[in-house]
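Since the structure of chain A is already known, use the hints to place chain B on it.
Here's the letter readout for the chains.
Number of protein chains: 2
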Amino acid sequence: MKYGLKYIFPMISLLFLTCSKEQETKDLQPKNSSVFSQGKKITNDNFTGTTYLQMLMEADSLNSISVGNVTFEPGSRSKWHIHPAGQILLGMDGVGYYQEKGQPKKILRKGDVIKCPPNTPHWHGASSDMPFVQVAITGREKGETVWLEPVTDEEYHQYFNKIP
Amino acid sequence: MKYGLKYIFPMISLLFLTCSKEQETKDLQPKNSSVFSQGKKITNDNFTGTTYLQMLMEADSLNSISVGNVTFEPGSRSKWHIHPAGQILLGMDGVGYYQEKGQPKKILRKGDVIKCPPNTPHWHGASSDMPFVQVAITGREKGETVWLEPVTDEEYHQYFNKIP
Chain A
1 MKYGLKYIFP MISLLFLTCS KEQETKDLQP KNSSVFSQGK KITNDNFTGT TYLQMLMEAD
61 SLNSISVGNV TFEPGSRSKW HIHPAGQILL GMDGVGYYQE KGQPKKILRK GDVIKCPPNT
121 PHWHGASSDM PFVQVAITGR EKGETVWLEP VTDEEYHQYF NKIP
Chain B
1 MKYGLKYIFP MISLLFLTCS KEQETKDLQP KNSSVFSQGK KITNDNFTGT TYLQMLMEAD
61 SLNSISVGNV TFEPGSRSKW HIHPAGQILL GMDGVGYYQE KGQPKKILRK GDVIKCPPNT
121 PHWHGASSDM PFVQVAITGR EKGETVWLEP VTDEEYHQYF NKIP
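Heads up: the protein sequence lines correspond to chains A and B, in order.
Everything in the first sequence is counted per my numbering, starting at 1 for the first residue and increasing by one.
Everything in the second sequence is counted per my numbering, starting at 1 for the first residue and increasing by one.
Some hints could be false.
When chains are identical, the list treats them as one kind, so a pair holds in a single copy or across two.
As the list claims (entries may be wrong) - Here are the simulated DSSO-like cross-link-like pairs (lysine-lysine), alpha carbons at most 30 Å apart as the crow flies:
no. : residue 1 : residue 2
1   : K40       : K115
2   : K41       : K79
3   : K79       : K142
4   : K110      : K41
5   : K115      : K41
These aren't lab readings, by the way, just hints derived from the structure by calculation.
Here chain A stands alone, though its shape is the one from the complex (with noise of 0.2 Å):
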C-alpha cells in the first residue's frame, strides 16, 4: 500500500494542477470576444436609448468611404434616416433590428450583411432583450446622412421578419 500511495498522490497533485491550468488559461481570455472595441458613448440626439461609437476609418478626398462599429444597447436605436450613397451593414455580434419605411422589421445576426439602397428612410438598433453590434460602411460622396423623426415605441416594437 506504501508503494500504492507513492504513485496515488502524485497522480492526484498532477490532475489539480491540470485543471487549474485550463482554468488559468479561460482566465486569460478577453471577455469581449468583439472584433473591434466599443468606442465612445453617442451624446447626440439622433439615437434612443445608449449606443456607442467607434470610428474605424474616416472618409478622405481620395477614398470617400467611412467605417465605423456602432454598439447599439437593448431596447437603443437610431432615428429614422437616409443615406446620400446608401449603407452597407455588417452583423458582428447580438441581435439587432433593422427596417426601411413601409417594409417590415428584419432581424440581424453576427455574420448577417444587409444594404440600404441611397435615400431609403430607414432605421436600425437592437433587439429588445440582446445587445448588437454593427459594422456601418458609409459613402460619403454625395453628402451626410439626414435625420428624420425618431422610432416610436409602437414601431420598434412591431412584429418583425426574420432575413432569408
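Only chain B this time, still in chain A's reference frame:
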C-alpha cells in the same frame, strides 16, 4: 489505509470527470470563431498559396462598394495589385502582412484597420505561420482591381514593422 482508499479513488474519479467535462465543453465550441464563413477556395492565379473568398456584398449600380471576407492560409498572399478607388481592410482574425510598394511590410491582427490609397501598388496575405482573415471594402466606381506581378519569397519574408 482501507478507509484512505475509500476517499482517494472517488476523488480521482471526480477530478477525471471534471477534466473530461472541460474538454467536452471545448469540443462543442465552433473551431472557426470568425464572424463570416470562409467561402470558396480562390482558383484564379492572383494569389500564391491557398486563399478563400466569401463575398459579403457585390457592388451594383446604386452602391459601388463591394465587401468580401478573405481567408489566407499561412504563407499565402495576393499578387501586387492596385485598386483605382482604394481599399479599406479590417483585420478579423489571425496574423497577416500588408505592404505598399517602397514601404516596409506591416503586420495586421484582429481589430487592425488599414486604408490603401487609390492606385498604390500593394499586397496582403497571411503571416508565414498563422492564417489571416480580413474583410476587404473596395470602391468599384473607378474601375476594377489591376493585378501586377507575384510577391516573391524574398519580398514576402523580409523584416516587418508592426503597426503602431
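Now the hints, each set against the structure:
1. Taking identical chains as interchangeable, the C-alpha atoms of K40 and K115 lie at most 30 Å apart whether they share a chain (25 Å) or sit on different chains (22 Å).
2. When the C-alpha separation of K41 and K79 is checked against a cutoff of 30 Å, the pair qualifies only within one copy, where the shortest distance is 16 Å, while the shortest distance between copies is 41 Å.
3. With identical chains, the CA atoms of K79 and K142 are at most 30 Å apart within one copy only, with a shortest distance of 20 Å there and 33 Å across copies.
4. Within a single copy, K110 and K41 get their C-alpha atoms as close as 22 Å, and across copies as close as 22 Å, so both meet the 30 Å cut-off.
5. For the homomeric pair K115 and K41, the shortest alpha-carbon distances inside one copy (25 Å) and between copies (25 Å) are both at most 30 Å.
The earlier numbered hints are all upheld by this structure, with none contradicted.
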